[in-house]
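Participant: Okay, here's what each chain looks like letter by letter:
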Amino acid sequence: MGENIRFHFDVDGDDFSSAGAASVEVKKQLRKLGFSPDVIRRVAIAMYEGEINMVIHADGGTVDVEVGDEDITMILSDRGPGIADVEKAMQEGFSTARDNIRSLGFGAGMGLPNMKKYTDDMKIETALGLGTTVIMKVNV
Amino acid sequence: MTEYKHSVSLDVSKCKGCTHCLKRCPTEAIRIREGKADINSKKCIDCGECIRVCPYKAKKAVYDPLDTMENYKYKIALPAPTLYGQFDHLDDIDFVIQGLLDMGFDDVYEVAKAAEIVTEYTRHYLHKEGLKKPVISSACPVVVRLISTRFPFLCENVMPILPPVEVAGKLAKEKAKKEHPELSDEDIGCFFISPCPAKVSYVKNSFAGEKSYVDEVLSISDVYFKLVSYMNKIDAPEASCESGMVGVSWAVAGGESTAVFNDKYLAADGIENVIKVLDQIDNSDFPELEFVELNACNGGCVGGVMTVANPYIAKARIQSLKRYLPVSPNSHSADGSVPDYVMMPELEYEPTSPLSKDRKEAMRMMADIQEIRKDLPDLDCGSCGAPTCAAFAEDIVRGETCADECVVFMRQVFHDYIARHQMRMEEEAEKRRNGNS
Numbered sequence: 000m001g002e003n004i005r006f007h008f009d010v011d012g013d014d015f016s017s018a019g020a021a022s023v024e025v026k027k028q029l030r031k032l033g034f035s036p037d038v039i040r041r042v043a044i045a046m047y048e049g050e051i052n053m054v055i056h057a058d059g060g061t062v063d064v065e066v067g068d069e070d071i072t073m074i075l076s077d078r079g080p081g082i083a084d085v086e087k088a089m090q091e092g093f094s095t096a097r098d099n100i101r102s103l104g105f106g107a108g109m110g111l112p113n114m115k116k117y118t119d120d121m122k123i124e125t126a127l128g129l130g131t132t133v134i135m136k137v138n139v
Numbered sequence: 000m001t002e003y004k005h006s007v008s009l010d011v012s013k014c015k016g017c018t019h020c021l022k023r024c025p026t027e028a029i030r031i032r033e034g035k036a037d038i039n040s041k042k043c044i045d046c047g048e049c050i051r052v053c054p055y056k057a058k059k060a061v062y063d064p065l066d067t068m069e070n071y072k073y074k075i076a077l078p079a080p081t082l083y084g085q086f087d088h089l090d091d092i093d094f095v096i097q098g099l100l101d102m103g104f105d106d107v108y109e110v111a112k113a114a115e116i117v118t119e120y121t122r123h124y125l126h127k128e129g130l131k132k133p134v135i136s137s138a139c140p141v142v143v144r145l146i147s148t149r150f151p152f153l154c155e156n157v158m159p160i161l162p163p164v165e166v167a168g169k170l171a172k173e174k175a176k177k178e179h180p181e182l183s184d185e186d187i188g189c190f191f192i193s194p195c196p197a198k199v200s201y202v203k204n205s206f207a208g209e210k211s212y213v214d215e216v217l218s219i220s221d222v223y224f225k226l227v228s229y230m231n232k233i234d235a236p237e238a239s240c241e242s243g244m245v246g247v248s249w250a251v252a253g254g255e256s257t258a259v260f261n262d263k264y265l266a267a268d269g270i271e272n273v274i275k276v277l278d279q280i281d282n283s284d285f286p287e288l289e290f291v292e293l294n295a296c297n298g299g300c301v302g303g304v305m306t307v308a309n310p311y312i313a314k315a316r317i318q319s320l321k322r323y324l325p326v327s328p329n330s331h332s333a334d335g336s337v338p339d340y341v342m343m344p345e346l347e348y349e350p351t352s353p354l355s356k357d358r359k360e361a362m363r364m365m366a367d368i369q370e371i372r373k374d375l376p377d378l379d380c381g382s383c384g385a386p387t388c389a390a391f392a393e394d395i396v397r398g399e400t401c402a403d404e405c406v407v408f409m410r411q412v413f414h415d416y417i418a419r420h421q422m423r424m425e426e427e428a429e430k431r432r433n434g435n436s
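Line by line, the protein sequences give chains A and B.
Numbers 0 to 139, taken from numbering that gives the first Met the number 0, label the letters of the first sequence in order.
Numbers 0 to 436, taken from numbering that gives the first Met the number 0, label the letters of the second sequence in order.
Check the hints yourself; a few may be wrong.
[Unchecked claim] Result set (BS3-like, lysine-lysine): computed pairs, CA atoms no more than 25 Å apart in a straight line:
#, chain 1, residue 1, chain 2, residue 2
1, B, K59, A, K31
2, B, K56, B, K22
3, B, K56, A, K27
[As the list claims (entries may be wrong)] Ranges of calculated distance between the beta carbons of each label pair, as one might list FRET restraints:
#, chain 1, residue 1, chain 2, residue 2, range
4, A, H7, B, N261, 55 to 65 Å
5, A, E65, B, D377, 21 to 31 Å
6, A, D84, B, E209, 48 to 58 Å
7, A, E65, B, M424, 45 to 55 Å
8, B, R410, A, P36, 34 to 44 Å
9, B, N70, A, R5, 37 to 47 Å
These are computed hints drawn from the structure, not numbers from a lab.
As the structure is a prediction and not an experimental result, all values here were calculated from the model.
Positions of the beta carbon are idealized from the N, C-alpha and C atoms, including for glycine.
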């Protein structure tokens, strides 16, 4: 087994213009590693949604991506308010985004459902007032 | 696959190996090797940014010379709508058409006319069921190539309808054969008078596997002065413009999409903006959009590097020229279908090369790149010949350059050497003093 490749990104809060930048960078790197378009797209979309979530709800956070022989793992951590009801948050169309965020076209309540849909495994660790960590895996 | 032919060339004697083009290339296709710019043809998308920024005019657009007109018995000019915006005090497009005829063309088929036909079919196409939305315009060849090399999942979104210049070429040739049955295929030459070099590549590379209907691509800037001298001699033009507002508006960013009569559209121009929009469409679904028009040049085709006029002045001229034109005299298909002759095959994905075909090897190389990057200054100064420190690290691992090319790294090596040398000198002086005492 070869050495895993890691990427680390800091995601700024309240900065919509640069939200999604980490996802674009990862896409570029995965292309260089020769992954199939399908794998790249799934990773990019899941990560993009996660990044946007961190900007909307948690004033930013960090993304760590680990590329292994069998899967790609994304760990998104923030120190935001935490998710009160994970089951409800996973429902399509459910969102707690404020109106000003919705007016930007975000907050459609598809973030977490899409992250689950595009990945092979997703875990959410969350604590109210402390933050949320989402761990996603895409098999290669 | 044969090597992709590009339409940007380098005048080696003028190139100083500076970093202007290196830093501006949106696909990082340029490196400075041995003091001269070198373009990676697999990565180049013919956007012309390097031509635009070169302070020494070392980068040049490649196009066909005017004297290729001598190679054909029957010559047809296909003027891009952008051409109309190049002239000061022009209030009637008829002067341009007449000027082209006086210059030696046997016929003129306006690309703006074909643009109206394409607009009409775009409207019909958007009504088809089961289309992947948003539909992305196929008119800008730079955008089409960008998508085919970088956005595999958007290839399907690109509208499979030929760009106006191809439709113009096809219809012009049919018209010529009908009017002059004695002419053979080789006798007829279609000359596109183009604002941009990407159209040259498009024609020379037999796009999407089909031979282009355009035979030669002339540059607007090359044709301009000759044409102006003919136009100045005209009192009352006999020839008349056959295009309308819709077709002429294609010269300007947003012109194509406003004519589609569907307000769920997005129009972006400038290559950096285009890339950002594509990245975002690629990430999320943009369900509310039906049509996306993307122009690699700022302002649209009027911003092409083979034009003469300032793009924004050209845009203003187009605005006043089209005021008294009919809306769209060339829309004539009532049944809502899209004929086969304007269709092209679906765009194919042609990825630019990964680090290695073997995943394990690629991973090892990526680890090496990350290791090398730790020692690089992240200044992205370009002195090494690569646009960024990240690209430089990749070039080292790919074996295309070596770490010594980094001036910051070498300066440190030099400083360390001097420091060591000084220390040694002091030690020796100390020894001598001790020996003498």
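Participant: It remains to establish, for every hint, whether it holds in the given structure.
Facilitator: Evaluated hints:
For the hint linking B/K59 to A/K31, the alpha-carbon distance of about 30 Å lies beyond 25 Å, and the restraint is violated. For a cut-off of 25 Å, the pair hint linking B/K56 to B/K22 stands: about 16 Å separates their Cα positions. At roughly 32 Å between alpha-carbon atoms, B/K56 and A/K27 are farther apart than 25 Å, so this suggested pair is violated. For the pair A/H7 and B/N261, the beta carbons lie near 43 Å from each other, so the given range of 55 to 65 Å is not met.
One distance hint, 21 to 31 Å for the beta-carbon pair A/E65 and B/D377, holds here, with the actual separation near 23 Å. Between A/D84 and B/E209 the CB atoms are about 56 Å apart, so this pair conforms to the stated range of 48 to 58 Å. Between A/E65 and B/M424 the CB atoms are about 50 Å apart, so this pair conforms to the stated range of 45 to 55 Å. In this structure, B/R410 and A/P36 meet the distance hint of 34 to 44 Å, their C-beta atoms being roughly 42 Å apart.
Against the hinted window of 37 to 47 Å, the Cβ-Cβ separation of B/N70 and A/R5 comes to about 59 Å, which falls outside the hint.
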